[in-house]
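Student: Each chain sits in its own coordinate frame; assemble them with the hints.
Taken in sequence, the protein lines are chains A and B.
So in our numbering, spot 477 of the first sequence is number 477, and the numbers just go up one at a time.
So in our numbering, spot 305 of the second sequence is number 305, and the numbers just go up one at a time.
I should point out that these hints are in silico values taken from the structure, not numbers from a laboratory.
As the structure is a computational prediction, the values presented were derived from the model and not from experiment.
Note that CB positions come from ideal geometry on N, CA and C, so glycine has one too.
Please note: incorrect hints may appear among the correct ones.
Claimed, not checked - Here chain A is said to cover these stretches of chain B; the calculated rule only asks that three of the stretch's residues, wherever they fall, bring their Cβ under 8 Å from a Cβ of chain A:
no.	stretch
1	6-14
2	324-334
What the hints assert, rightly or not - Listed next, the in silico EDC-like pairs over lysine to aspartate or glutamate satisfying Cα-Cα at most 20 Å (straight line):
no.	chain 1	residue 1	chain 2	residue 2
3	A	252	A	407
4	A	498	A	534
5	A	9	B	168
6	A	469	A	453
7	A	365	B	8
8	A	48	A	20
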Amino acid sequence: MSRELFKFKGGVHPPEHKAESNGQPIHPPPLPRKLVIPLRQHIGNPAKPVVSVGDHVKKGQMIAEADGYISTAVHASSSGIVTAIDMQPVPHISGLPDLCITLETDGRDEWIPHDPLDYQAMAPADLRMRLRDMGLAGLGGAVFPSAVKLDPGAAQTFPTLIINGGECEPWITCDDVLMRHHADETLQGVAIMRHLLGSTEILIGIEDNKPEAIAAMQAAAAKVDFAVEVVMVPARYPGGGAKQMIQTLTGKQVPSGKLSNDIGIQVFNVGTTYALARAVHHGEPLISRLVTVTGHVLRPQNVEVLIGTPMHTLITLAGERDGTTGVLMGGPMMGVPMPNLDVPVVKATNCILVKSAELFPPLPKALPCIRCTRCADACPAELQPQELYRFAKAADFGRAQEYHLFDCIECGCCSYVCPSHIPLVDFYRYAKGEIWAREKEKRAADLARERHEFRLFRQEREKKEKAEKLAAKAQAKRAELAAAPAAEGAAASAADAKKALIAAALARAQAKKAEVTPKNVDHLPPDTQHEIEEIEARRAKIRELARKPLEPEDKP
Amino acid sequence: MPSPFILDRTSVTQVMAWVLVALLPGIAVYVWIFGPGILITLALATVTALAAEAAMLKARGYPAKPFLTDLSAIVTAWLLALSLPSLAPWWLIVTGTLFAIVVAKHLYGGLGQNIFNPAMVGYAVLIVSFPVQMTQWAGPLELTSTPLTLAQSATVIFGGDIAKSTFDAVTMATPLDALRTGLLQQHTVDEIMTQSIFGHYGGVGFEWLAAAFLLGGILLWALRIISWHVPLAFLAGIWLTAGFLHFFDAGRFGAPWFHLFAPSVMLGACFIATDPVSGATTPRGKLIFGLGAGFLTITIRTWGGFPDGVAFAILLMNLCVPLIDQYTQPRIYGGASKPKEPPA
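Extracted from the complex, chain B is given alone in its bound form (with noise of 0.2 Å):
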């Protein structure tokens, strides 16, 4: 066997555990202001995207252990499940997962393989087939009279009978749904503003779930699991968006830092576009996709058919890697600037 001979203590299991672990700020976050029913979201989605992993591995002829060890299929299923609506039925839930487990990764060929972040893929798939039941977001407990139980929210997600009086009190709109709603109606962003849903910068709530996302992805940053370029790049190009079009019309665009605050804006910077698979490469190709990111995910929101654009600004950034990393291979040592010529 040839050199080197000696390994760094690292392994993928390692860098997937610590996105599971920068994710728990998120997690807990999200039961403090929503409920606990997110918990259950989470478990149906990390058994089902378990189980499609080990069939999937096993009708690939594939070892099971050393990748169902590696947790990257818990990652696609908690980032799913975060993204999900927190009383999303549960076939949504397993459908979503299903289809980011079976079609995204292992019909793509697997761990590294595929070309979008499976997770995406699995939203992106809901969203277009079922945008009715997308829009089930419980509201945050600060302004719900009556929070639902762990076991009431068992019940509505596994499409038992709660009482509809009990379900209208606790499903809200969430901020970026008003927004786009109040628009629509002809209000003005300030008029909608003034509704209860909205807080600091964000939603009520929801500014701080992005901020716990945000935590774990400075937690990432500091053990070097990410880079700053893609974060930082996604939420300038949000910021820079944003900010240009409420500068030019601040009656019909939402201020830049209300867009930054939204939980998928975080979520998206920190964990999504930063999943290295289906990412830029080359730090200058990293900065392009996270600023296009960026750009697309307003543009959706201001202009596209549904309320969010994260997922669908990240999978169209996903396309554009292998050209991005093409054109921004750094120089090398003692090298020009740009690639040689392909031999003739």
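Next up, chain A with everything else stripped away, as it sits in the complex (with noise of 0.2 Å):
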């Protein structure tokens, strides 16, 4: 505990209502008679599926593969029969639906053979093929494939493994019980990790909220061979953001536009690494988490969820009550809110908090901005917020990202300080799917431009070649009539010349579009591109509103 650590800027620190789920202990999955599971439950290609309707299928068998280097399989939560693989309402906050594979449980809950692995006796490569197919992600919020994370690549080894327990949001206490329960396990996982990426400083901060936990892991840490440090850090929202959490523990930066990967550090929630140590020790692949099921309701809990297991399932087991507002999965600062309850539990659904009208009353109307700067002052990226909104607002995209739009978290600290309560974030969430559908659309008509362009192109060169057909045919029966031999030689050249005409207008059309090309499309992180692909089908989904007569407003 004697280590330094290092303050992040701004910040913010709401009521935490911690203490009205995290006392009790984790009660076990319940078994719902469907469950529906979709298919795209982390960044990267959607799962294929790799069974078929009337399929009998037991409890943790893979039903759908990972499609590619980024991507990861997907498994039945208990036993049953595929009665669907369509198209269902999922939690998103599009409200859109997603391909699923739906499973009527035949309530005997049996497992396939476990299957438990040395990860010793592994080689590395292999060992993520296998954790890959087991189907594990991200459990802190971003459900990136784990097994990608904990490939170290061309750079060998990741100096220093940060485990995250830092579960700053309101409300949320998954990670808190998982800590107090399942200390020992987790650092199972935490060796497994060590083991894959090398690493020399392994570190795990955990916010000082959260005693209990912390006093669990001191203890299994104790227990390990290896070094591993529990850091306490002062509870201030998001400071269990990767970034921040990694600012704290170590005082380094990631540079804007990179992954900690740049700096050689590798973060983790502490969910995954436990999700990680049940795979590699007893051969379970990822078909449940916990989740919190907080707000109002009669009991809040943590509750160990069979993914696929339909929201209603857990607000009736902990108590719905009279007077509920709506629904979010996640918390208060970052949360989606659900359309309705029959969507299911996903792999990064950590907190499901009804809300109420007191809990959550309603947002008062916005003022305009009196550029106080509070909002500056709590933004943990250090940008300046107010200039945002005012760009943003404007629709002035090109000022908005100089003033670096893009290395926005969304972390809604400005949105919770401001005094004018305007809804910040909402502005840069505009701004970002604007640009990007912008960027899109300009590459769409740089490539018809081009298209054109070289149609043009073609019709002149043909309209060229004909003439020199035609005047080389010429020449032909002039030397025809004069020497024979001489023929040869010109028509050569002219297709030489033919040849270098195209290369060089290719070459033009390639630098051209090398030029135009915009920079915020390309090249991108798979997160970025799920973030740009649930923009568009926001978009889309407004659209289509849209062009839908006015409805009176949902009931919540």
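Tutor: Right under this line is the structure:
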């Protein structure tokens, strides 16, 4: 605990509301009649189904396989029969359906044979492949395929491994409870990560509002045969964000536009670490996770939940109350409102937060910005939110990018402190979405223009060729008349000239394309690509809504 | 509705209310030193400001309630009232307040949109248009034999007749006026400072008023409503500029402490230059803004046509804000120190 900590700038400290749910024991998983398991639960390509409707599957059986390097498999969370492979509502801000496999559970909850792995004896690449097939993805919220993050690649090693037990969002306690009850297995997961990444410095960061979790993790850390430091960090939102945790623990900042990999640091959520240990030592693929069910319910608690369980099952379990005004997936700062409660729990679901008018009063109407810069003081990305707001509002997206719009992590601190109650983050999401859409359109337009230019060039060339051909023909005729051997050479040089012309034109087109290539939609990290897809989906939904006549607003 | 779903308990009304509370020590000292006349000025400016605000909101098609209750109009009214001479006639107060609210605030787009501090625009219009009336300062009670009662003050402000001898007995040149006049008459600073109007650092009484405004500023800083950057830089700008001149020629230039302990400087540093709407937003920008305003204040006091320069200095710096902000963008998390070049 003697470690020097570094303060990240900004941040807020909203009421924690952790005590409601963190004192209860973990509730075992309820087994619903029906499980709806989305194929896109992670960043990257959605999994490809490997079962058909009517198949009987066992608990833990792979039902969809990873598609490509950045992808991961999906498994049956219980035994039963595949009744549908189709589009179903999923927990996503767009409210758009996505491809899911629906299981009718048989109630036997019958496992596949467990196949633990001797990870130290396996080649790292094989081990990673197995982890991908076990469906491991980051459980801190970003659901990035873990096998990819466990690949040090060309760097060979990640000197620093950070296990993130920050859990800074109000209300959420699943990581807290996990650490209290499963500290030893979490440390086993750390050992596997250390093995794959070759890390020499291992830090477990936990906010100081979780003393029980800190004690449990320290006790577990004392038992392992490698050096690991459990570090208590001050509770301040968004201190559990990966970038903020890195700064708090190491004093280093992830360079803008880069990943922590670039500075030799890899960060995993404690839930992922635990899931890794279950996968390796027990042969259990990722088919369940801890979910905090809290807010306006009778019995707030943490539940081990089978992936695909409908959210209403959990709200019923925790005791539904009158006066519910909506449900969030995640916490109040970054959570996503759920369109309905039939949507399933997915790998990214850390919390189901039930709202009421008392706990979450409707937000007051916004007043104009008075440039007080409280947002700038609160911004952990050290941006100038008041300027970004001004540019976004004026649709001056170029200036917004100049002022680092894309470094915004959408943590919501600015909106939280704004005395004018401006929904600032909304404006940034809107601006980002517009910029991506415009660059996409611009690319399409560039492509069309290039095609058109090439067509003109081709027509011109064909005309020239025709003329040349005619000329050549005439010359050949003349030459034939004069002397037969001279004709061959002339024809060959004409063909060469044509080839050179085409090559030059292609090179010009290539150069032009390179010149106008936009900078935000190229070489994107997969999570940004994922974000773009989400925004595209939202835009599609908005367009769809815009076409429909106005209907009275849905009751919450 | 998207995230976040919770808000800190804060509002524009709360911010403005604290600014008004922070002005109360200054107002109390004002009454104690100059008599209760200021209360009439404050009330008149408040009523005028609220009426003008309501009328302009209606004319611009904005809802009256959220904007009238944000208290920003009252802040403008009080800042202007506290800048005006204590015996200014009623029409001067009304004209200045109307100009501040109607032109400087609403014609620029209302709350949050004004480039210039409205109170200072009102003040500047008055001092340029009515320089004589803008000198009707009551002297500190310590120096006037027969202080005006509330009723007498009201009579003066509303243009009623009081005996000329009474009026002349209570009005006095302010310390800054005295310094200016003295210097014009080729006296040295030391000679001028022997006049009874000068106290320990600033003017008799005036220096206590300055201290009370400073106290209000410290309160706002402690509440995190203002940051230390602007007030400290403003005071440093005053002190350094005046100090440099005084060091250079103590006979012709007032002492830095004298300049610092003028009520206008403390009111300007803690309440007016710190106006977020018309001020710089970046930390370095705030320092430049404050230093610049301090430097210009002394420059105008020394070589300008008016005895005090706080209002013009702040208005001139208001003009520079977009430029200052643009060139003082701070380094972001994980970023290079300068903003990227705009995309082509």
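Student: State for each hint whether it applies.
Tutor: For each hint, the structure was consulted:
no.: 1; hint: 6-14; verdict: holds (count 7)
no.: 2; hint: 324-334; verdict: holds (count 7)
no.: 3; hint: 252/A <-> 407/A; verdict: holds (16 Å)
no.: 4; hint: 498/A <-> 534/A; verdict: violated (47 Å)
no.: 5; hint: 9/A <-> 168/B; verdict: violated (58 Å)
no.: 6; hint: 469/A <-> 453/A; verdict: violated (24 Å)
no.: 7; hint: 365/A <-> 8/B; verdict: holds (14 Å)
no.: 8; hint: 48/A <-> 20/A; verdict: violated (40 Å)
Violated hints for the displayed structure, listed by number in ascending order: 4, 5, 6, 8.
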